[in-house]
Amino acid sequence: MSSNISSLTLFRSLYQPQQAFAELARAEPSSLRIFLSYSLWLLLLPPVFSLIGAANFGWRLGADQPLFMTTNTLLIISAGYFVALLFGLFSTAIISRWMAKTYGASVSLGRHMALITMVGQPLAIASAAHLFPDVLVNVLVLIPATIWGMYLLYSGIPVALETPPERGMLMASALMAWLLVAVVSLLGISMSLWVLGVGPLLGV
Amino acid sequence: MQAVENKIYQDKIVIRLIQFSVIWAVIAISVGVYIAAELVWPTIDFGQFWLSYGRLRPVHTNGVIFGFGVSALMATGFYSVQRTSHVTLFAPRLAWFVCYAWQLIVLLGALSLLAGWNTTKEYAELEWPFDIAIAIVWICFGVVFFGTIAKRKIKPIYISNWFYGALIIVIAMLHVVNSLALPVSIDKSYSAYAGAQDAVVQWWYGHNAVGFLLTGGFLGMVYYFLPKIAGRAIWSYRLSVVAFWAFVYAYIWAGPHHLHYNAIPEWVQSLGVVMSVILLAPSWATLVNGVMTVSTAWEKLRTDPALKFIVLSLAFYGLATFEGPMMAIRSVNVVSHFTDWTIGHVHSGALGWNAMITYGTFYFLVPRLAGRELHSTRLANLHFWLAFAGTMLYIIAMWAAGVSQGLLWLSIDSIGELSFDFKDIMASMTPYYLLRLIAGLVFLLGTVLMAYNLFMTLKGQRAVKVTPPAVDPAYGVNA
Numbered sequence: 001m002s003s004n005i006s007s008l009t010l011f012r013s014l015y016q017p018q019q020a021f022a023e024l025a026r027a028e029p030s031s032l033r034i035f036l037s038y039s040l041w042l043l044l045l046p047p048v049f050s051l052i053g054a055a056n057f058g059w060r061l062g063a064d065q066p067l068f069m070t071t072n073t074l075l076i077i078s079a080g081y082f083v084a085l086l087f088g089l090f091s092t093a094i095i096s097r098w099m100a101k102t103y104g105a106s107v108s109l110g111r112h113m114a115l116i117t118m119v120g121q122p123l124a125i126a127s128a129a130h131l132f133p134d135v136l137v138n139v140l141v142l143i144p145a146t147i148w149g150m151y152l153l154y155s156g157i158p159v160a161l162e163t164p165p166e167r168g169m170l171m172a173s174a175l176m177a178w179l180l181v182a183v184v185s186l187l188g189i190s191m192s193l194w195v196l197g198v199g200p201l202l203g204v
Numbered sequence: 001m002q003a004v005e006n007k008i009y010q011d012k013i014v015i016r017l018i019q020f021s022v023i024w025a026v027i028a029i030s031v032g033v034y035i036a037a038e039l040v041w042p043t044i045d046f047g048q049f050w051l052s053y054g055r056l057r058p059v060h061t062n063g064v065i066f067g068f069g070v071s072a073l074m075a076t077g078f079y080s081v082q083r084t085s086h087v088t089l090f091a092p093r094l095a096w097f098v099c100y101a102w103q104l105i106v107l108l109g110a111l112s113l114l115a116g117w118n119t120t121k122e123y124a125e126l127e128w129p130f131d132i133a134i135a136i137v138w139i140c141f142g143v144v145f146f147g148t149i150a151k152r153k154i155k156p157i158y159i160s161n162w163f164y165g166a167l168i169i170v171i172a173m174l175h176v177v178n179s180l181a182l183p184v185s186i187d188k189s190y191s192a193y194a195g196a197q198d199a200v201v202q203w204w205y206g207h208n209a210v211g212f213l214l215t216g217g218f219l220g221m222v223y224y225f226l227p228k229i230a231g232r233a234i235w236s237y238r239l240s241v242v243a244f245w246a247f248v249y250a251y252i253w254a255g256p257h258h259l260h261y262n263a264i265p266e267w268v269q270s271l272g273v274v275m276s277v278i279l280l281a282p283s284w285a286t287l288v289n290g291v292m293t294v295s296t297a298w299e300k301l302r303t304d305p306a307l308k309f310i311v312l313s314l315a316f317y318g319l320a321t322f323e324g325p326m327m328a329i330r331s332v333n334v335v336s337h338f339t340d341w342t343i344g345h346v347h348s349g350a351l352g353w354n355a356m357i358t359y360g361t362f363y364f365l366v367p368r369l370a371g372r373e374l375h376s377t378r379l380a381n382l383h384f385w386l387a388f389a390g391t392m393l394y395i396i397a398m399w400a401a402g403v404s405q406g407l408l409w410l411s412i413d414s415i416g417e418l419s420f421d422f423k424d425i426m427a428s429m430t431p432y433y434l435l436r437l438i439a440g441l442v443f444l445l446g447t448v449l450m451a452y453n454l455f456m457t458l459k460g461q462r463a464v465k466v467t468p469p470a471v472d473p474a475y476g477v478n479a
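Protein chains in written order, with full-length UniProt numbering: chain Z, 1 to 204; chain A, 1 to 479.
In case anyone wonders, no lab produced these hints; they're calculated from the structure.
Don't be surprised by glycine CBs; every beta carbon is placed ideally from N, CA and C.
It cannot be assumed that every hint is accurate.
Computed footprint of chain A on chain Z; a stretch qualifies when at least three of its residues, placed anywhere within it, have a C-beta under 8 Å from a C-beta of chain A [what the hints assert, rightly or not]:
# : segment
1 : 16-22
2 : 31-40
3 : 64-75
4 : 193-202
Below, computed lysine-lysine pairings styled on DSS-like, alpha-carbon distance capped at 27 Å [unchecked claim]:
#  : chain 1 : residue 1 : chain 2 : residue 2
5  : A       : Lys465    : A       : Lys12
6  : A       : Lys12     : A       : Lys188
7  : A       : Lys7      : A       : Lys300
8  : A       : Lys228    : Z       : Lys101
9  : A       : Lys228    : A       : Lys12
10 : Z       : Lys101    : A       : Lys300
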C-alpha cells in the first residue's frame with residue numbers, strides 16, 4: 001500500500017471519479033501533505049476570483065446599478081471568505097472522520113481530507129463564475145457544480161473510505177446535513193457582519 | 001362476529017386518511033406550483049379574483065398543512081397509538097367522523113378562501129364558522145386518541161404518543177385562543193385582540209403551529225416509524241424523553257421572533273430570540289437520536305425505499321431546525337425578514353422534512369396495510385431523487401433571491417439614501433422565481449408518481465386484519 005497519492009490523481013476525480021476514489025482507497029496520505037499540495041490551492045480560488053470580480057464589475061444582485069465597495073472592504077470580505085472555507089474544510093474532514101467510526105469507514109484523516117477536497121473541487125473550479133459576480137450567473141453555474149459535488153460525496157465515500165454502499169449512503173446523508181448547516185451558517189454570519197458594518201453599507 | 005371485529009386494529013380508517021392525505025398533497029402542491037408560476041407570469045390569473053395570488057396562496061398553505069399534513073398525522077397517530085397501546089381504537093365511529101369531517105372542513109375551507117373569506121391571520125385564515133367546526137372535530141380527535149391511551153394494556157406510554165398528545169392539546173389551545181373573534185356576518189369577524197396584542201397572539205399561534213404540528217406532530221411519526229422501518233429500538237429512549245420536555249418547554253416562547261423591530265416590547269422580542277436559540281438543543285437531540293438509530297440499520301437500504309426518505313428527512317430537519325434559530329437572531333433577521341429566504345426556510349422544512357418523512361412513512365405503511373409488496377420500488381427510488389433535487393433547487397433559488405433582496409433593500413449610498421428602487425429589485429427576481437417553479441414542478445412530479453404507486457399498491461386490496469398481540473406481563477397496566 002502506497003502511503004501517498006499525487007495531486008494529479010486527486011484532480012482526476014473531476015472527470016474520472018471512480019478511478020481516483022479507488023486509488024485513494026489504496027493510499028494512507030498525510031493530511032498535512034494533502035492540504036498543502038492540493039486543498040490549499042483550491043481553497044484560494046473562490047476568494048481570489050471574488051476579489052477580482054467584485055473590484056472590476058461590482059456585486060450584481062439584480063438592481064440596475066452594481067454594488068461597488070472599497071478595495072479595503074473587498075480585501076476583508078475575501079479574507080473572511082478564505083477563513084470560512086478553511087474552517088469548512090477542516091471541520092468537515094474532522095467531522096467526517098468522527099462519523100466514520102459509526103459507519104465502519106476508514107478513519108485515516110488524510111483520506112477524509114482528500115475526499116472532502118475532491119467533493120468541493122467542482123465548486124472551487126466553478127467559482128470562476130465569481131469573476132463576474134452576478135448572483136444569477138453564479139447560481140446557474142454553481143447548481144450543476146453542487147450536483148456534481150453531491151454525486152462525488154455519495155459515490156466517493158463507499159469506495160474511498162471502504163464501507164458498504166448502504167452505510168456510505170447513510171454517512172453521506174449525515175455529512176450532507178452538516179454541509180447544509182455550514183452553508184446556511186455562512187449566510188447568517190455574512191449578514192451579521194454586514195449589519196456590524198463589515199461589507200456593503202446598510203441602513204440598519 | 002362483532003366481538004372478533006372489535007379486536008382487530010382499526011386500519012381501514014388509516015388507509016382512508018392516507019388516501020386523503022395524498023390527494024391533498026397533489027392538489028395543494030399543484031396550487032403552490034400555480035402561484036409560483038403567477039410570480040413569473042402575473043397575468044395568468046386571467047383577471048379572475050379566485051385565481052389571484054392572494055386567494056390561492058392560503059389555499060396552498062391550508063391545503064398542505066391541514067389537508068396533507070394533518071390527515072397524515074391523524075393516519076399515523078391512529079395507526080401507532082393502537083400498536084403502542086395494544087388495543088383497538090377507542091370510539092371508532094367517532095374516529096370515522098373525525099376523518100370525514102376534517103376533509104369536509106379542508107374542502108369547504110378552501111372554497112371559502114377562493115370566495116375571498118379571509119381573517120388575514122396567517123395559517124388561520126379560515127373564518128369563524130370553520131374555526132368552530134375545527135375546534136369540535138379536533139376535540140373529537142383528542143377523545144379518540146386519549147381514549148385509546150386510557151384503555152391501553154401497556155403501562156408505559158410510548159414516546160411517540162407524547163408528541164402526538166402534545167400536538168392535539170397544544171393545537172387545540174392555540175386554535176381556540178387565536179380564533180376568538182366577534183362575528184358580524186357569516187363571512188366576516190373581528191379579532192378579539194387589538195393592534196400589537198393581536199400580532200403577538202397571532203404569532204404565538206403561528207409559530208407554535210409550526211412547532212407543535214409541523215415539528216412535534218411529525219416527531220411523533222419519527223419516533224414510531226423510524227425504529228419500525230429500521231427494525232431497531234430507538235437509540236436512546238431517555239434522550240427522547242428529555243428532548244420532548246425540553247422541546248415543549250422551549251417552543252411555546254419562540255413566537256415573538258416573527259415580530260422583530262415591531263411595536264411590541266423589546267424584552268418580548270429578546271425572550272423570543274433566547275428561547276429560539278435554546279430550542280436548537282432539544283431539536284438536535286432528536287436529530288442525533290434518529291441518525292444513531294438508523295446508522296445500524298444500513299442493510300435495510302438495499303430493499304426498503306422508505307428508509308432513504310427518512311434518512312434524508314433527518315438531514316433537512318437538521319438544516320431547518322438550525323436555520324430557524326439563526327434567522328431569529330436580530331442581526332440576521334433584520335436582513336432576512338420579508339425576503340424570499342424565509343420562503344426557502346419554510347420549504348426546507350415543508351418539503352425536505354415534513355413531506356419526506358411522510359412519504360417515507362407511507363411507502364413503509366401502505367404495503368403493510370394492503371398486505372402486498374409496493375407496486376414499484378423503482379418508481380419510489382425515482383421519486384426519492386426527484387424529491388431531493390426539487391427541494392435542493394427550491395432552497396438554493398430562494399437563498400439567492402432572499403440574500404439579494406435583503407442586501408439591496410437596505411443598501412444606502414454615502415449620503416444615507418436608499419441606493420435601489422424596490423420595484424426594480426423585485427422585477428429582477430424573475431429568474432429565481434422561474435427556478436423555484438421548476439423546483440416545484442420536479443417535486444410535484446415525484447408526488448404524483450407516489451400517488452400512482454400507492455394507488456396501484458392498494459388497488460383491489462382490503463386492509464390486512466391485525467389483532468393486538470399478547471402483552472408482556474412485565475409491561476402490563478397492572479405490573
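Hints that the structure is at odds with (numbers, increasing): Hint check: 1, 2, 6, 7 fail, others pass.
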